[in-house]
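Visitor: Residues per chain are reported as follows:
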Amino acid sequence: MESSLEEFSTRLTSLTMEANRDFIKCKDLGAFLDENAELLEQTHQTLTYGIARSIINNMLGLQLREDLKGYGSAEVMHREYKNVLAGLLGDDSKPVIKLLAERAAVCWLRLQAAERYYNRIHEQTSIPIQTLEWANKQLTMGQNRFVQACDALARMRLLREATRIVEARADLAEAKAEEAGMNKSKAAMRLLKSATG
Amino acid sequence: MGIESRHDGKLYYYRKRREGDRVVSEYVGGGVVADLEQKRAEIALARREAEREQLKAAKMSMAEIDKALNEFSHTIDTLMAAELLLNGYHQHKRQWRRRR
Chain A
1 MESSLEEFST RLTSLTMEAN RDFIKCKDLG AFLDENAELL EQTHQTLTYG IARSIINNML
61 GLQLREDLKG YGSAEVMHRE YKNVLAGLLG DDSKPVIKLL AERAAVCWLR LQAAERYYNR
121 IHEQTSIPIQ TLEWANKQLT MGQNRFVQAC DALARMRLLR EATRIVEARA DLAEAKAEEA
181 GMNKSKAAMR LLKSATG
Chain B
198 MGIESRHDGK LYYYRKRREG DRVVSEYVGG GVVADLEQKR AEIALARREA EREQLKAAKM
258 SMAEIDKALN EFSHTIDTLM AAELLLNGYH QHKRQWRRRR
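Order-wise, the sequence lines are chains A and B. Positions 1 to 197 (my numbering) are the ones given, in order, by the first sequence. Positions 198 to 297 (my numbering) are the ones given, in order, by the second sequence.
I should point out that these hints are in silico values taken from the structure, not numbers from a laboratory. Idealized CB from N, CA, C, for every residue including glycine. Incorrect hints may appear among the rest.
Unchecked claim - Far from chain B by the CB rule (all over 10 Å, computed), these chain A residues:
# : residue
1 : GLU35
2 : LEU40
3 : GLY61
4 : GLU75
5 : HIS78
6 : GLU80
7 : GLY90
8 : ASP92
Unchecked claim - Below, simulated PhoX-like cross-link-like pairs (lysine-lysine); rule was C-alpha separation at most 20 Å, straight line:
#  : chain 1 : residue 1 : chain 2 : residue 2
9  : B       : LYS253    : B       : LYS207
10 : A       : LYS176    : A       : LYS186
11 : B       : LYS253    : B       : LYS264
12 : A       : LYS137    : B       : LYS236
13 : A       : LYS137    : B       : LYS264
14 : A       : LYS94     : A       : LYS82
15 : A       : LYS82     : A       : LYS98
16 : A       : LYS137    : B       : LYS256
17 : B       : LYS213    : B       : LYS236
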């Protein structure tokens, strides 16, 4: 699955770049996305679930345990992640929005892990300066990643709304033009009738 | 560390602490007290080592998770770009503009 996703990602990147240069290539891009819709749906679900679970396990140190201690906390954390995801998603069910919201939720989880690590480090009596710097860097990176992910989600929603407004305006202009044309033909008919009658 | 032999040939426990550039020895006790204190110090040391190991392991597996997250994030960014291109936008100098 990993290699097929890698192939998909490489092909998608090249097609997107081509489409950005040449509008005609959008057709190929659209066809490619339609062809791989199922793969995308499956892999993204497995991936996000896998990443989220790995972060939670890491955060609670579950990968080092042989007993079942900590699994309850992991479940609580996973629920919290699901709640954040639901809040970010709202009523939107568009695939791209769903993906962007999932990314933002995973980034939120990653930030929680960085914060937890930072707090654990500060509970220690003696900390090597490198570890402290690493924890600080992780926290900053986590915050930036989460803010960027939320920004991308908000921008996508905004651009979609803008597209909807532009399309609605175009439809309205077309309808007005049609109406004006019909009025003109009606007036011509009336004129013809009055001339003949 | 901690248990020291004195002139009378008996063993006593001394706790060490740093004060500026000096190491200060603080008398704790001898006999049973020294043994207990020694055990307590060993347990505390083992706990600190274990915590340090755990943090090291967490750091290493976090690096792997970050790698997967970055790859996933890159794919999502590309998908977002693809969606915008299909909706009539194009990117110019990192800015999304609607095609005229």
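Visitor: Any of the earlier hints contradicted here, and which numbers?
Guide: Violated hints (numbers, rising): 2, 3, 9, 12; every other hint is consistent with the structure.
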